[in-house]
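Engineer: So you can see what is in the structure, the chains are spelled out below.
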Amino acid sequence: MAKKPIVARRHQPWADDVHKVFRDMDVRQMAYVPDGGLARVVDLCLADRKMRSVLLTTEEEGVAQMAGAWLGGQRGVFLTQSGGVGNCINMLSIIQECRIPLLALVSMRGQWGERFPWQVPMGQAVPAALQSAGVIVQQVDEMDRVGETVAAAAHLAYHSFRAVAVVISQRLTGTGGRG
Amino acid sequence: MATKPKRRSRRITLERRAVVKRILKDRGDILVVTGIGNAAQDTAAAGDHDNNFYLFGIMGGAAMVALGLALAQPKRRVLVITGDGEMLAGIGSLATIGVQKPANLSIVVIDNQAYAATGGQDTHTSAGVDIAGIAMASGFAAARTIYDRAELEAAMADIRDGSGPCLAVVKVHVKPTPRVALPNDGTWTKHRFRKALLGDAAFE
Numbered sequence: 000m001a002k003k004p005i006v007a008r009r010h011q012p013w014a015d016d017v018h019k020v021f022r023d024m025d026v027r028q029m030a031y032v033p034d035g036g037l038a039r040v041v042d043l044c045l046a047d048r049k050m051r052s053v054l055l056t057t058e059e060e061g062v063a064q065m066a067g068a069w070l071g072g073q074r075g076v077f078l079t080q081s082g083g084v085g086n087c088i089n090m091l092s093i094i095q096e097c098r099i100p101l102l103a104l105v106s107m108r109g110q111w112g113e114r115f116p117w118q119v120p121m122g123q124a125v126p127a128a129l130q131s132a133g134v135i136v137q138q139v140d141e142m143d144r145v146g147e148t149v150a151a152a153a154h155l156a157y158h159s160f161r162a163v164a165v166v167i168s169q170r171l172t173g174t175g176g177r178g
Numbered sequence: 000m001a002t003k004p005k006r007r008s009r010r011i012t013l014e015r016r017a018v019v020k021r022i023l024k025d026r027g028d029i030l031v032v033t034g035i036g037n038a039a040q041d042t043a044a045a046g047d048h049d050n051n052f053y054l055f056g057i058m059g060g061a062a063m064v065a066l067g068l069a070l071a072q073p074k075r076r077v078l079v080i081t082g083d084g085e086m087l088a089g090i091g092s093l094a095t096i097g098v099q100k101p102a103n104l105s106i107v108v109i110d111n112q113a114y115a116a117t118g119g120q121d122t123h124t125s126a127g128v129d130i131a132g133i134a135m136a137s138g139f140a141a142a143r144t145i146y147d148r149a150e151l152e153a154a155m156a157d158i159r160d161g162s163g164p165c166l167a168v169v170k171v172h173v174k175p176t177p178r179v180a181l182p183n184d185g186t187w188t189k190h191r192f193r194k195a196l197l198g199d200a201a202f203e
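Those protein sequences? They're chains A and B, same order as listed. Quick note on numbering that gives the first Met the number 0: the first sequence kicks off at 0 and runs consecutively. Quick note on numbering that gives the first Met the number 0: the second sequence kicks off at 0 and runs consecutively.
Hints in this document: simulated from the structure, not taken from any laboratory. Keep in mind that a hint or two might mislead.
What the hints assert, rightly or not - List of simulated lysine-lysine pairs, DSS-like, C-alpha gap at most 27 angstroms:
| id | chain 1 | residue 1 | chain 2 | residue 2 |
| --- | --- | --- | --- | --- |
| 1 | B | Lys194 | B | Lys24 |
| 2 | B | Lys174 | B | Lys100 |
| 3 | B | Lys74 | B | Lys20 |
| 4 | B | Lys74 | B | Lys24 |
| 5 | A | Lys19 | A | Lys49 |
| 6 | B | Lys194 | A | Lys49 |
| 7 | A | Lys49 | B | Lys74 |
| 8 | B | Lys100 | A | Lys49 |
| 9 | B | Lys174 | B | Lys74 |
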């Protein structure tokens, strides 16, 4: 696959804090469907030779992959845009049935200054949809709190065998009307 | 005018329990992830084992659970035993897996061309959809459809040891099979599987 330039730090400065959390917590697998809001996080993971990043055809594949990774003794992180959350509901059953940790980062659309109407239904449904599926939701909308929120979520997920989603406000991701 | 997909005309000669028993014969340290329903039953009937992770839900997720496991344990062989309905529910995962090319992963699809657990309704494979063809087109190292014992034996080297990812669809009868008592407590299965695989590291 062709290499694309890494998204500049100035656009998503919190992304480097997030990647550092992955390093500190020995996160070895990542699963994603490409998304503008998490683009720099994805780029940093792809460039990290200690991490194996898996491109998904649809988001629910990532939930299953994370379960398999943990069965095999590796920590993972699942990256998705708000639209992908709805695709994951049934797959999240394995987290509750087996008490397997899941750390998810959700970048929001349809929430803050959105200009594309089709993003709004799932965007507005994200917190309730996640909670209905047993996921602990931790929302963050301040630049300098993203790293610490991801770290706290990772500890909660990995040490208490729960699903925890860090929901990153559209105010931070700069994706009002594209992709 | 739409054309009907061609139906396969080859006779179906294989019985599912015998197939899975053969695939798992002298299994060594292979790790097995099963799909829901008959696939889990067949795997347990071949001999319950600490290295079996049985799924009783998340239809469509078996192959991706196996991918995560295979990437975490590159020195271990990982085998999926699932049905055609479950594989079709996660058919996109063949593209995901084909791109990642895990050498230690094989997928066996026990294809009775029906949704047995819900009353035996036809699946897409009964109308000619070719799961092995989808796997090859997705970048799998090897993929085939098996109709008889000779073809199964010829496929065993790939299934158990081939540089993967490998996929084999095995066409079987739709006849009912005796139920096997199988604990479906996912937490219990998880602990047993991880303890066997990771030892004390499972509890760190």
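Engineer: All the hints need checking, so say for each whether the structure fits it.
Structural biologist: Results for each hint:
1. Lys194/B x Lys24/B: holds (23 angstroms)
2. Lys174/B x Lys100/B: This hinted pair is violated, its Cα atoms lying about 35 angstroms apart.
3. Lys74/B x Lys20/B: Between Lys74/B and Lys20/B the Cα gap is close to 24 angstroms, so the pair holds against 27 angstroms.
4. Lys74/B x Lys24/B: Roughly 20 angstroms between the alpha carbons, so the hint for Lys74/B and Lys24/B holds.
5. Lys19/A x Lys49/A: Holds: Lys19/A and Lys49/A sit about 12 angstroms apart, inside 27 angstroms.
6. Lys194/B x Lys49/A: holds (25 angstroms)
7. Lys49/A x Lys74/B: holds (17 angstroms)
8. Lys100/B x Lys49/A: holds (18 angstroms)
9. Lys174/B x Lys74/B: Distance ~37 angstroms between Lys174/B and Lys74/B Cα, so the pair is violated.
When the structure is compared with the earlier hints, violations turn up for hints 2, 9 and for no others.
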